[in-house]
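A.B. asks: Residue numbers (the working numbering), protein chains in the order written: chain E, 1 to 208; chain P, 1001 to 1237.
Heads up, a few of these hints could be off.
Stated by the list, open to error - With a cut-off of at most 20 Å between alpha-carbon atoms, the simulated PhoX-like pairs for lysine-lysine come out as follows:
hint	chain 1	residue 1	chain 2	residue 2
1	E	20	P	1223
2	E	188	P	1139
3	E	45	E	188
4	P	1159	P	1135
5	E	20	P	1212
For the record, the hints were derived by calculation from the structure and aren't laboratory data.
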Amino acid sequence: MTDADFKFPPIYNFPPFYTKQPNETTWQSQSQQWIGLVLDYCKQKRIWVLNSDGVPLSKNDSELDSDEEVDSLSLFANEKIQRSLKRETIGEIYAQMVTEGSAEYLSPVSTSLSRSLKKATPQDQSIIVYWRKPEDWATMLLEWVEKTGQLGGILTLYELQASESVKSQPFYKINSTVLVRALDVLVKMGRAQVLKEEGGKISGVKIV
Amino acid sequence: MTTPKSDTEQYKTLGNAILERQSAELQAQLAVFQSALTNFARDHGEQIKNNAQFKQQFIKLCQSIGVDPLSLSNYTPSGVKFTKTSSHDRDEYYNNLAVKVIETCRATRDANGGIISVDELISRLEDATYTPTAKDIEKAVADIKLLDGSFSIFPVKNKLFIKSIPEELNSDQQVIFETCGLMGYVSPGMLRDNYGWGRVRCRDVLEAMVRKGLLWVDEPGPKQEVLYWEPSWINMG
Chain E
1 MTDADFKFPP IYNFPPFYTK QPNETTWQSQ SQQWIGLVLD YCKQKRIWVL
51 NSDGVPLSKN DSELDSDEEV DSLSLFANEK IQRSLKRETI GEIYAQMVTE
101 GSAEYLSPVS TSLSRSLKKA TPQDQSIIVY WRKPEDWATM LLEWVEKTGQ
151 LGGILTLYEL QASESVKSQP FYKINSTVLV RALDVLVKMG RAQVLKEEGG
201 KISGVKIV
Chain P
1001 MTTPKSDTEQ YKTLGNAILE RQSAELQAQL AVFQSALTNF ARDHGEQIKN
1051 NAQFKQQFIK LCQSIGVDPL SLSNYTPSGV KFTKTSSHDR DEYYNNLAVK
1101 VIETCRATRD ANGGIISVDE LISRLEDATY TPTAKDIEKA VADIKLLDGS
1151 FSIFPVKNKL FIKSIPEELN SDQQVIFETC GLMGYVSPGM LRDNYGWGRV
1201 RCRDVLEAMV RKGLLWVDEP GPKQEVLYWE PSWINMG
């Protein structure tokens, strides 16, 4: 990737970082460093989804959750040293992230997000990167709703994501799936009720 | 929302929110206090050093709020101030440094198999106020070695390494480290051309070192020779 404003760690330019290390202990260290890098990078760039090649799929663009590639370069490829991680190894890193709770496989959920995604095989999986946990987003949403005196009112997902009133909030332009996960947390706490359209798509939420 | 259960949950949420806010405030206060303490140490370094009781209290205070006394400039041995001070200060400095060396060797062992270059160690220990010298590190490692024989410092060409594992490098492995000193890596081809090693010897030596975590494998692509990198080059990129 070519990006001046993100400071890659030195290991990003170490050629063997792009080969899965056969020594199990070394690989543990290697994969942990990759996971840390993915989380830091996505957090700074507000990237929500990485495809199976490590290419960011949706960014904080005005069209929420567009499936278009915002950047055709993979985070796992380094042109400067001409190395890239094999797709299979990327898959292993993703699997580890999912196990650790720092990512989730992208699968059809009841939002607009799933609209053009083909049925994915395990080898060809995109992930949603949780550079912040759904629980943290849930707390932020709740605080904002409380502070703005909107408890008990009905809010659309769009209002929470993209209206003028949330422009200064950290969850402005939050990815729809991540938002739904955060609302799930609130529902479990008994602090939210979601309103669904026909077909199960969530259209709004009442936070109490 | 009048059932007892949801009330309980609401109290819980509220309680959590208050706790979080308090903890954030405390964090901020602690940070302020830490920086005040650092400034205090800088302004009153002489008094702290010359009054044993004062110093003891000061170090206790540092430890309890998470300021590293070692990082405060008055404990730097190569600084002018240090040379005037007692041997007690000097011992304390090296003891602290030894602890940091052990910590860093442990923290990086998964990535480097237990051998770290002194340069890398220094770059990991230095901060805005303080940089240990290679001499300091050597002295600290000599102290550690008395307690734990597996620690030692050794030169490869003109680069110093510290090992924190019991095994010694054999002569073939030393040759690999030496050759890695040039470009960061070796390949079987390089070993064959420069040292006349046979295929089996190359493979056995390199694979054994990978198994010990001392080398990282680099497969640049199809039809290209596999390279073996020495991990201290991670920080030279």
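A.B. asks: Does each hint hold? Answer for all of them.
C.D. replies: So, going through the hints one by one against the coordinates:
1. At roughly 18 Å between alpha-carbon atoms, residue 20 (chain E) and residue 1223 (chain P) fall within 20 Å of each other, so this suggested pair holds.
2. Annotation: proposed proximity of residue 188 (chain E) to residue 1139 (chain P) is violated, straight-line Cα distance about 58 Å (limit 20 Å).
3. For the given pair, residue 45 (chain E) sits about 30 Å from residue 188 (chain E) by alpha-carbon distance, which is inconsistent with the 20 Å threshold.
4. Under the criterion of a C-alpha separation no larger than 20 Å, the hint pairing residue 1159 (chain P) with residue 1135 (chain P) is consistent with the structure, at around 13 Å.
5. About 16 Å separates the Cα atoms of residue 20 (chain E) and residue 1212 (chain P), which keeps this hinted pair within 20 Å; it holds.
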